[in-house]
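Q: As a plain string of letters, each chain reads:
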Amino acid sequence: MTTTSPTSGSFTINRNFNHPMEKVFKAFSDPATKAKWFTGPKGGDALERVIEVKTGGAEVLKFKHPSGMITHFIAKYHAVEEAKRIVYSYDLMIDGRHHSTSLAVVEFMPAGKNTAMIFTEHVAWHDGTELSKGLASREHGTSWQFDKVAEVLA
Amino acid sequence: MLDHSTDLDNIFQALADPTRRAIVEQLGTGPKSVSEIALPLDMTLAAVVQHVQLLENCQLITTQKQGRVRTCRIKPETLKTLEGWLNQRRRQWEQNFDRLAAVLDEQSPKRKKP
Chain H
67 MTTTSPTSGS FTINRNFNHP MEKVFKAFSD PATKAKWFTG PKGGDALERV
117 IEVKTGGAEV LKFKHPSGMI THFIAKYHAV EEAKRIVYSY DLMIDGRHHS
167 TSLAVVEFMP AGKNTAMIFT EHVAWHDGTE LSKGLASREH GTSWQFDKVA
217 EVLA
Chain V
18 MLDHSTDLDN IFQALADPTR RAIVEQLGTG PKSVSEIALP LDMTLAAVVQ
68 HVQLLENCQL ITTQKQGRVR TCRIKPETLK TLEGWLNQRR RQWEQNFDRL
118 AAVLDEQSPK RKKP
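From first to last, the protein sequence lines stand for chains H and V.
When you number the first sequence by my numbering, it's gap-free, plus one each residue, and the end is 220.
When you number the second sequence by my numbering, it's gap-free, plus one each residue, and the end is 131.
What the hints contain is simulated information worked out from the structure, not anything from laboratory work.
Any given hint could turn out to be false.
[Said to hold, decoys possible] Computed beta-carbon distance windows for the label pairs: (1) 42/V x 116/H: 20 to 26 Å; (2) 123/V x 134/H: 54 to 60 Å; (3) 134/H x 36/V: 32 to 38 Å; (4) 133/H x 104/V: 19 to 25 Å; (5) 112/H x 92/V: 38 to 44 Å; (6) 123/H x 45/V: 36 to 42 Å.
Bear in mind that the values here come from a model prediction, so they are computed numbers and not experimental data.
C-beta atoms are modelled at their ideal positions from N, C-alpha and C, and glycine is treated no differently.
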């Protein structure tokens with residue numbers, strides 16, 4: 067489900083993981099595990115990385131993409147409830163420009179022995195001109211990411 | 018034509034201005050004449066007309082003149098383009114979660130799907 071206003075929008079992603087809630091939560095909160103799945107494309111460099119998933123904690127990922135584009139993800143954790151819920155906000159900078167601000171909520175629920183996750187994000191976009199430029203680069207990055215997913219699953 | 022990047026450029030440039038955002042928001046409640054749009058705005062009618070023209074040029078709104086009154090309305094197709102941008106962000110997260118699922122499966126190979 068997605069909704070939009072002229073400069074902001076929200077979407078929800080529902081996912082089931084065939085693993086218990088504690089383990090899925092740990093993949094979000096444990097720095098080594100999170101760094102495995104939340105990163106930039108291969109061939110790029112993480113210039114700055116902070117993962118501190120706790121209430122009041124911060125997360126930073128400054129990443130130089132193979133194209134030369136630099137994305138800077140700067141997050142603050144507002145509420146982290148063990149195996150239950152994570153609430154954070156983040157700014158995204160692209161090549162030094164303020165691109166967007168988001169509020170994200172990740173909720174975990176039991177589904178038998180497995181985990182149902184609901185991810186909701188509301189995004190507000192800032193620099194209009196740079197936005198479509200970012201879109202073009204992102205499309206490039208996106209097709210690359212599909213390859214990586216295939217590689218991990220192989 | 019709308020998903021062309023120059024069109025997107027123009028749309029976002031148009032929306033980067035707070036006055037034009039306010040105009041689009043006003044039109045969100047229904048069609049309005051240029052003078053109705055100008056009413057809550059602290060600027061000359063000529064300045065409002067310029068903003069309206071820019072919004073029309075990038076296809077965010079359409080206008081129609083009947084007699085002396087120019088009526089403006091929002092163009093829903095253009096807002097759909099913005100929705101496309103939102104779907105990009107959504108897809109990126111979908112891919113992150115695909116990777117997350119793979120990482121979880123790697124941690125316990127027995128549960129890995131064939």
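Q: Report the numbers of all earlier hints that the structure fails to satisfy, in ascending order.
A: Going through the list in order, the structure violates hints 1 and 2 and respects the others.
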